[in-house]
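Chains as they are written, first to last, in full-length UniProt numbering: chain A, 1 to 725; chain B, 1 to 157.
It should be emphasised that the hints constitute simulated quantities derived from the structure, not laboratory data. Note that beta-carbon positions come from the ideal geometry of N, C-alpha and C, so glycine has one too. Be a bit skeptical, because a hint or two may be false.
What the hints assert, rightly or not - Across the chosen pairs, the derived CB separations fall in these ranges: (1) Ala-32/B / Pro-236/A: 29 to 37 Å; (2) Asp-122/B / Lys-573/A: 23 to 31 Å; (3) Glu-55/B / Ala-567/A: 38 to 46 Å; (4) Glu-55/B / Ile-272/A: 27 to 35 Å; (5) Asp-196/A / Glu-55/B: 30 to 38 Å; (6) Lys-609/A / Ala-157/B: 28 to 36 Å; (7) Asp-12/B / Met-243/A: 27 to 35 Å; (8) Lys-11/B / Gln-261/A: 19 to 27 Å.
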Amino acid sequence: MKRKTFLKQTSSLLISFNLFPLGSCFDTGNNNGLNLHGDPNTINAWLQLNRQGKITLFTGKMELGQGIRIALKQIAAEELDVDIKRINIIIADTGQTPDEGYTVGSGSIEGSGMAIRQAAAEARLLLLEQASQKLQRSIRELQVKDGVVQFINDPTISVSYWELLKGRALNGKITGNAPPKDAREYQLIGTSIPRDDIVNMVTGQSAYVHDIRLPGMIHARVVRPPSYGAELRSFPKSKIMAMDGVIDIIKNGSFLAVVAQEEYTAIKAWNILRKESTWNTKRLLPLQANLFDDMLHYKGKQQIVEEISGNQQNMMHQHEALYKSPYHMHASIGPSCALAKWESDQLTVWTHSQGVYPLRKSLAGLLNIPEQKIRVIGVPGAGCYGHNGADDVAADATLIAYHLPGKAVRVQWMREDEHMWEPYGSAMAIKIKGSINNNGKMSAWHTDLWSDTHSTRPGGKASHLLAAQYVEPKLTMEQGDISGGASRNALPLYNIPTMKVVAHAYQGPLRTSALRSLGAYANIFALESFIDELAFLAQRDPLHFRIDHINDPRALEVLRIVTEKTAWSTRTKKQDTGLGLAFAQYKNRAAYFAVVAEITIDKAKKEFKVKKLTGAIDAGQAINIDGLKNQTEGGMIQSASWSLFEQVDYSDEGVSSNTWDSYPIMRFTAIPDIEVVVINRPTEKPLGAGEAAQGPTVAAIANAIFAATGTRIRDLPLSSKKVNW
Amino acid sequence: MAKITLFVNEKDHVLNISPDTPLLYVLRNNLALNAPKYGCGIERCGSCMVLMDNEAMPSCIRPCSSLTQTKIITLEGLGNPTNLHPVQAAFMEEQAAQCGYCLNGMIISAKALLDRNLDPSDTEIRAALERVLCRCGTHSRIVKAVKNAAKKMRLNA
Numbered sequence: 001m002k003r004k005t006f007l008k009q010t011s012s013l014l015i016s017f018n019l020f021p022l023g024s025c026f027d028t029g030n031n032n033g034l035n036l037h038g039d040p041n042t043i044n045a046w047l048q049l050n051r052q053g054k055i056t057l058f059t060g061k062m063e064l065g066q067g068i069r070i071a072l073k074q075i076a077a078e079e080l081d082v083d084i085k086r087i088n089i090i091i092a093d094t095g096q097t098p099d100e101g102y103t104v105g106s107g108s109i110e111g112s113g114m115a116i117r118q119a120a121a122e123a124r125l126l127l128l129e130q131a132s133q134k135l136q137r138s139i140r141e142l143q144v145k146d147g148v149v150q151f152i153n154d155p156t157i158s159v160s161y162w163e164l165l166k167g168r169a170l171n172g173k174i175t176g177n178a179p180p181k182d183a184r185e186y187q188l189i190g191t192s193i194p195r196d197d198i199v200n201m202v203t204g205q206s207a208y209v210h211d212i213r214l215p216g217m218i219h220a221r222v223v224r225p226p227s228y229g230a231e232l233r234s235f236p237k238s239k240i241m242a243m244d245g246v247i248d249i250i251k252n253g254s255f256l257a258v259v260a261q262e263e264y265t266a267i268k269a270w271n272i273l274r275k276e277s278t279w280n281t282k283r284l285l286p287l288q289a290n291l292f293d294d295m296l297h298y299k300g301k302q303q304i305v306e307e308i309s310g311n312q313q314n315m316m317h318q319h320e321a322l323y324k325s326p327y328h329m330h331a332s333i334g335p336s337c338a339l340a341k342w343e344s345d346q347l348t349v350w351t352h353s354q355g356v357y358p359l360r361k362s363l364a365g366l367l368n369i370p371e372q373k374i375r376v377i378g379v380p381g382a383g384c385y386g387h388n389g390a391d392d393v394a395a396d397a398t399l400i401a402y403h404l405p406g407k408a409v410r411v412q413w414m415r416e417d418e419h420m421w422e423p424y425g426s427a428m429a430i431k432i433k434g435s436i437n438n439n440g441k442m443s444a445w446h447t448d449l450w451s452d453t454h455s456t457r458p459g460g461k462a463s464h465l466l467a468a469q470y471v472e473p474k475l476t477m478e479q480g481d482i483s484g485g486a487s488r489n490a491l492p493l494y495n496i497p498t499m500k501v502v503a504h505a506y507q508g509p510l511r512t513s514a515l516r517s518l519g520a521y522a523n524i525f526a527l528e529s530f531i532d533e534l535a536f537l538a539q540r541d542p543l544h545f546r547i548d549h550i551n552d553p554r555a556l557e558v559l560r561i562v563t564e565k566t567a568w569s570t571r572t573k574k575q576d577t578g579l580g581l582a583f584a585q586y587k588n589r590a591a592y593f594a595v596v597a598e599i600t601i602d603k604a605k606k607e608f609k610v611k612k613l614t615g616a617i618d619a620g621q622a623i624n625i626d627g628l629k630n631q632t633e634g635g636m637i638q639s640a641s642w643s644l645f646e647q648v649d650y651s652d653e654g655v656s657s658n659t660w661d662s663y664p665i666m667r668f669t670a671i672p673d674i675e676v677v678v679i680n681r682p683t684e685k686p687l688g689a690g691e692a693a694q695g696p697t698v699a700a701i702a703n704a705i706f707a708a709t710g711t712r713i714r715d716l717p718l719s720s721k722k723v724n725w
Numbered sequence: 001m002a003k004i005t006l007f008v009n010e011k012d013h014v015l016n017i018s019p020d021t022p023l024l025y026v027l028r029n030n031l032a033l034n035a036p037k038y039g040c041g042i043e044r045c046g047s048c049m050v051l052m053d054n055e056a057m058p059s060c061i062r063p064c065s066s067l068t069q070t071k072i073i074t075l076e077g078l079g080n081p082t083n084l085h086p087v088q089a090a091f092m093e094e095q096a097a098q099c100g101y102c103l104n105g106m107i108i109s110a111k112a113l114l115d116r117n118l119d120p121s122d123t124e125i126r127a128a129l130e131r132v133l134c135r136c137g138t139h140s141r142i143v144k145a146v147k148n149a150a151k152k153m154r155l156n157a
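Based on the sequences and whatever the hints tell you, model everything.
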């Protein structure tokens, strides 16, 4: 039903108001004036209008640098027919916003965005009803211009949303019956409205949790052991306590922290404690050189992810290959940071966690206090790209603040802490067997994949917080089953009559959890490399080979665009250049993405360089075109960095990748040129897009290296040293 | 503790502070400036860049006692939301940000570059920004922003 038709048919709806005050800003930690609405099925949980014509949105999702705030504002402004400048947004805060779990899996537009769209559509309908009564005109005779409801034939007969509400909250239920605007009427959705938070970043206004300065704030650093599971034997207590400005040392089991008035004092004490404390350590095994051997022979759980049995006939070629991806870091530029204050039997925590509600539950478990005593407030941090140290540092700050009632405690991890203690993206091994029939078509496909878990987010459990594993009584994290993320995108989207994907659990030496795209990165690297290998065996153009196995027109369209843009058909004529193609639909159900990598080679120097990446993305209805483009460009560059430069190194004594020298990431002079084409489909559902580029980009580069050099690199990173020059 | 005077953003600031404190912590904690950020503490990431006598320099190691004769300018000293420096304006126009944590180092480095070269090539821009790390992958936009800024500054010159 179209919105106009629906409005004509609707006679009246129950509207009631309450006098609860509007949500306030977050900065004091004071519980007065909060929007304690509770019920996410009410409009009031998602948006509120004040007397001055300002609108406040509430999202349980977190701003991670992906620009979710501007996209959600666009959605609300579109539905309400108001100027976007009227809209303010409050993000993840257990005191104010709905519980939307974690901000993960490129799901914020599909989740929060669609909830806000529906809430705004309901709000608009209720307000039109009100205006209709007030102006004595039927709804179909009314239009809305920037929140002012006007009689179409005489716009001077009007009343604004805020005049109708007079500061009272909109207390309607979200019925699901108010029809959102028809996509053909969109004025804001699908445009590139600039983000309004960048002005704070470029001028040094307070933009991050790192910038919060609470009255009387003190600084702490946590002294982490030299390696996983080490037990604290001794530390130079009197030496540290004698330091000018040191407030306290907190030692609980093997959890050790120092608190000081000045941040630099805490850092100096941290340095001494790191050097002079003694620990009982455990060897980290298997050694890195034996990691994949260990993985492939690991006796763990197995799971058939997918099995499709068809006729296997006329098998001409059979091919098998093994691909390996090492542990990768999130490697946030800003080490994790949190503030906490325990006062009057209440704990307030400021955090850049991706999930304030699950964190609150985990912290309640850590302290063994009721959740209601804790307020967790989300404030942006540096980009996290998944589960990094954000939750852990919040637990650190919580333990320290609990020990020092009345004091606001700020903890920031040191660079070494972030590099050595964040949970990494799991190393993976993927073995693929495939067959081609005598028509040059793929007839059978079999994938075995090995992976550690991609999900150890706290999720309400205290035992997943790093500090909880070192305090007394020590909590141990239960090792889960095969995590769903391990097999993400392992199943080919191509038409192959017989397919089987088997996932094998691995419990490896390093701490792992969700890193942007989870298993999709390594699975697509393997799958899209293997397709290229099969195309080569079948003596087919890798583009045509793919097209022959695809029906979905949207998949074909992204492939068409990138290959046209890069003059794919003339690619073999360029000297010392190679083009590589790859494609995937994220999660096999979200955004479509294809990419061509262009590499140039220098045979004399035995080096290759990624010169250009050209991508095309179809994420259905694009909310903010430039935001989508920015996310995709970033995904391509980040994936190129993982693929060309990165692997976590360790020895039996612990993780040795502890600085930007021992874990280098891509710097400016190595950055390829980037071009991204956005295909906007306003009448389709919006699809998560933030992780679509990670997998295809690595495969496209590997395929380009093969095209230029004839060397097929199957173990990441893709370095010039692995090429047979 | 010692009495140290630093010249930051065109003003003298008299501080009673431990003289070995690296400049970064003084700027953030004593002068309440947010722009320079902690990233690595060993001058490898560029998050903490400031202008020292018009050169882009990391502030995370050099002790404040060694900088009493240095003219220090932070991102806050370049412009503010109502009076943006052309480099700041260009970064906004190009939407050259994701998380934005690296922007301090990027803008400070770009400013130092453009002060000596108003028409830098792509290669020169990349070289000038090489020491600043970005993890979101905003690099190509940042290069565009620096070019845009150069154009603005040439028009103003």
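Hints and how they fare:
1. About 33 Å separates the C-beta atoms of Ala-32/B and Pro-236/A, a value consistent with the hinted range of 29 to 37 Å.
2. The beta-carbon spacing between Asp-122/B and Lys-573/A, approximately 26 Å, falls within the hinted interval of 23 to 31 Å.
3. Checking the proposed 38 to 46 Å range against Glu-55/B and Ala-567/A shows it holds: the Cβ atoms sit about 44 Å from each other.
4. About 33 Å separates the C-beta atoms of Glu-55/B and Ile-272/A, a value consistent with the hinted range of 27 to 35 Å.
5. The supplied range of 30 to 38 Å is met by Asp-196/A and Glu-55/B, whose beta-carbon atoms lie about 32 Å from each other.
6. One distance hint, 28 to 36 Å for the beta-carbon pair Lys-609/A and Ala-157/B, holds here, with the actual separation near 35 Å.
7. Look at Asp-12/B against Met-243/A: about 30 Å separates their beta carbons, and that is inside 27 to 35 Å.
8. As the Cβ distance of Lys-11/B to Gln-261/A is approximately 25 Å, the hint placing it in 19 to 27 Å holds.
Checked against the numbered hints above, the structure violates none of them.
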